[in-house]
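Each residue of the sequence shown is one higher than the one before, starting from 0 at the first, in numbering that gives the first Met the number 0.
Since the hints were derived computationally from the structure, they do not count as laboratory data.
Be careful, since some hints might not be right.
Unchecked claim - DSS-like mimics (lysine-lysine), calculated; alpha carbons at most 25 Å apart, straight line: (1) K142 x K18; (2) K18 x K149; (3) K171 x K11; (4) K222 x K83; (5) K42 x K18; (6) K83 x K42; (7) K115 x K83; (8) K11 x K222.
Bear in mind that the values here come from a model prediction, so they are computed numbers and not experimental data.
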Amino acid sequence: MITKVVMIMWHKWIADALKQIDYEALENYINQQSLKYTIYPPKTDWFKAFELTPVEDLKVVILGQDPYHGPNQAHGLSFSTKDKKLPPSLKNIYKELVDDLNITMPTSGDLTPWAKQGVLLLNTILTVEAGRPSSHKNIGWEKFVEHMLKHINELNQPIVYILWGNYARSYKHLLTNSMHLALESPHPSPFSARNGFFGSKPFSKTNAFLVAHKVKPIDWQIK
0 MITKVVMIMW HKWIADALKQ IDYEALENYI NQQSLKYTIY PPKTDWFKAF ELTPVEDLKV
60 VILGQDPYHG PNQAHGLSFS TKDKKLPPSL KNIYKELVDD LNITMPTSGD LTPWAKQGVL
120 LLNTILTVEA GRPSSHKNIG WEKFVEHMLK HINELNQPIV YILWGNYARS YKHLLTNSMH
180 LALESPHPSP FSARNGFFGS KPFSKTNAFL VAHKVKPIDW QIK
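Sequences and hints are given; from them, build the entire structure.
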């Protein structure tokens, strides 16, 4: 179940969203699948993005699809990995980060420092079976995230949504608050990064928006 700290930080939103999707049925399904497959990330990390980024500190939402499906990778944050070997999309994110902000190339794939500064690293599907990408598509997580985005949309504080690729961009219709900014580009995967992701400068654009609204910018350097 959801930890007490998540409920404190995100109040009643998570509980409300889970009721809308019949969380008990979703959890039972995953429990049954776990008898046949390894599930990533571990259950304790399913809601890690919300635990690390208090709603009152929220500045940025980076929307991903589903977790990495290999060992020692997924830990509840979109695009982030605990593995020393960086996935191709994250390598391209770092290439754009370095080019955009002229900072040192990170070596760690753990994006927890971003999360702790107010960057919600949110996948729209929170679990996956080992070696089977998108295996938990359409079991209820997408509806849960839709409800959470609707709540976030109501916040009267400057927020930047970073939407990489058509899948993330399909959620843009939920983002109607004029106080917020949506930045869109192709996905950082090797198949599309050179079609407009490289050179899109999402990190400097995000910080420029935050500064313009008198909000402390994100230190994007991963040390």
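Unmet hints by their number, sorted upward, for this structure: 8
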